[in-house]
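These protein sequences, in sequence, are chains A and H.
Every letter in the first sequence is one number past the one before it in the numbering used here, and letter 36, counting from 1, is 36.
Every letter in the second sequence is one number past the one before it in the numbering used here, and letter 79, counting from 1, is 79.
Since the hints were derived computationally from the structure, they do not count as laboratory data.
All C-beta atoms in this analysis are idealised placements derived from N, C-alpha and C, irrespective of residue type, glycine included.
Accuracy of the hints is not assured; some may be wrong.
[To be verified] With a straight-line cut-off of 27 Å between C-alpha atoms, the simulated DSS-like cross-links for lysine-lysine are:
#1 K411(H) with K331(H)
#2 K40(A) with K229(H)
#3 K40(A) with K477(H)
#4 K93(H) with K229(H)
#5 K531(H) with K646(H)
#6 K646(H) with K422(H)
[Stated by the list, open to error] Estimated spans, in silico, between C-beta atoms of each pair:
#7 I23(A) with G654(H): 18 to 26 Å
#8 N41(A) with N2(H): 23 to 31 Å
#9 N41(A) with F464(H): 35 to 43 Å
#10 I43(A) with I527(H): 55 to 63 Å
[What the hints assert, rightly or not] If you want the footprint, here are the derived chain A segments under chain H, 3+ residues with CB under 8 Å:
#11 21-31
#12 35-43
#13 46-52
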Amino acid sequence: MKFSTYLTHITGVKIYPIISLLIFVVFFVLVIFWMYRLDKNEIARIENLPFDDQKN
Amino acid sequence: MNQEKFFYDNKIPRAFAIACIFWGVVGMLLGVIAAFQLAFPILNFSDYFPYLAFGRLRPVHTNAVIFAFVGNGIFTGVYYAVPRLLKTPMWNKALSLIHFWGWQFIIVCAAVTLLLGFTTGKEYAELEWPIDILITLVWVVFGINLFGTIFTRRERHLYVAIWFFIASWVTVAMLHIVNSFEFPVSFMKSYSWYAGVQDALVQWWYGHNAVAFFLTTPYLGLMYYFLPKAADRPVYSYRLSIVHFWSLIFLYIWAGPHHLLYTALPDWAQSLGTAFSIMLILPSWGGMLNGLFTLRGAWDKVREDPVLKFFVVAVTCYGMSTFEGPMLSLKNVNAISHYSDWTIAHVHIGALGWNGFLTFGMMYWLIPKLFDTKLYSKKLASAHFWIGTLGIMLYAIPMYWSAFRSYFMMKAFTPEGQLQYKFIDIVQTVVPFYIIRAIGGTIFLIGVFIMVYNLIKTAKAGKFIASEEANAPALAKEYVAPANSIWHSLIERRPLLLLVLSLIMVGIGGLVELVPTFLIKSNIPTIASVKPYTPLELQGRDIYIREGCYNCHSQMIRPFRYEVARYGEYSKAGEFVYDHPFQWGSKRTGPDLARIGGKYNNVWHFNHMLSPSSMESATIMPSYPSLYENKIDKASTISKIHVMRKMGVPYPDGYEAIANQDLDKQANEIVADLVSTDKHIKISSDKEIIALIAYLQRVGRDIKLEEKNK
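One chain only, chain A, in its complex shape:
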């Protein structure tokens, strides 16, 4: 049986795309919000991770 048959049986399947859009918008707002609140020292440490092997 085609898998679409199962999908048609989900009640209110049409709301799913709207919910997912909302999830994404919220997620992105949070990412950007978080981005500005990052601690500068922490960034400096993380940015330099690729260079850690040279220090050893």
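Given the coordinates of chain A, work out where chain H should sit on it, guided by the hints.
Chain H in isolation, oriented as in the chain A frame:
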């Protein structure tokens, strides 16, 4: 804190690097041969054997460059960078070895089977089902090894390069599995689970995202590691890289339908593809600028250091193709570019510039490190840089030119309202561009040979360091997050959460795009006169797929005056409901075949396949003499019909038993017609050419019947 001693293994990165360069040379060489074949059909050698004809060679070229060259390039970078970023060796040496040899085995299997004609007929996913399963297994081994390493790490924070690797791993797994749903008919033959419009949508959702998550995101991971290393300064903006990552993986997955503009795909899906493609400019350019700005204050180094030269052009090419891509997804631009050499130019800016140059830069940086020495010759590397750049330009410019030239010729009408040029006129005028392109490709390849020489000399001058000692404290069990850290740093510390979120991101995009087409019947209007293929036509279709005809011929007429006038009534979604797989194609080196049925008589096809130039002197199509020798594989008819019915093609119950009788009957009719039209023709009805003629005469006829019945 106690320092723990451990060793980074360099053998696996070296092995992948060698494989990457070796397959790169092979893949590019095949590309050069294929390019010359388009200008000089004699190079198909098809009078002697069928294995090297363009239709079979081109998929080997594309697969070799994508999965062998770039694939091994990704693994080189991952196996070098990930342990160092996480301060731990790769989790399991045996898995690393299985991954390495498994991947090389797959590549060899792919090359052999594709040349032998075993193909699913879906671009960039041509490999048959046993190899698909093998790919899945090796990919899982890679995943286990990657996550094993992540879980045993000594650095809590996952650097941005690793996010890209994780997202690439999970998305490629999803794409490969969804697109490879196929029903085996025999050991090396299967039919796509999906048909027609749905198959096309899944295929280009896959095709587009294979570009995104195999050629782009893992290479962005490499960029975020090797560019700072080579420039000896951290990435320009770590903040930007966070936004780059999430927005890129989110938007990319939706853009697939832009490969199907003006086709029989439902309009809403086309618009969705366009909208998301335009949005993609932002994250792509954010990433590009992040790469370029990393060189802030270090531009003087770019003059000296060949590694940085390669990186700068690679990132610039990334910027160019990610600007061009969204432009190509605008419907009016796409009308010009689709099926034309423009697409070929576009992908080669990406493949030669972005993937090629980034790989070369990485190798020039990495090989001296692995061998504890300096690069043998900076001058040679600089020469490679300039030769490579010239090669890219000589490749791309003729292709752009040819695309516009053929577009204007295709759409030219005489004042009387007739098409001004025949298709063959257009072919003839672009052949010189094919020659220049092939020369451009050759020059690029010469550059690669210079690199190979330079790197071998470098390796010989140094001493290979099989493993590097390092020290780091173990990961503290009880971790206290810094005071101002919030939820995203949580994600960055939790690889599984990152994996799941990435999967949700790409999964939902994929579902929203794919599911409605499967759900709503009105997307694929049924046409009463469209009937399943007869057994002979089905066998003929499989020959069409085997010979890779779709590499040069589309089966999709767009609703433009100049296409309808040239090829016939534009294609409807309902015409393809029994096409497992779809054969719309993506490039018209030859004319569209969607309405070829009934256009010429059987004798024309018979003579044309034997010697195309006897029917059209300027043609660049190879001949197919083996079809006149090989017998139709009638033993397979039963299982083919059976599998088709399983997938919903309405053959009557028990039709398998009599299918071959129908096949013989139709074949005899075609032979009778051939002989009665041309007395010189001698052919028996069990030869493959008869099946192919039956198929070609069927393509696109159902609609014509519908119109007659009106």
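Tell me, in ascending order, the numbers of any earlier hints that this structure violates.
6, 7
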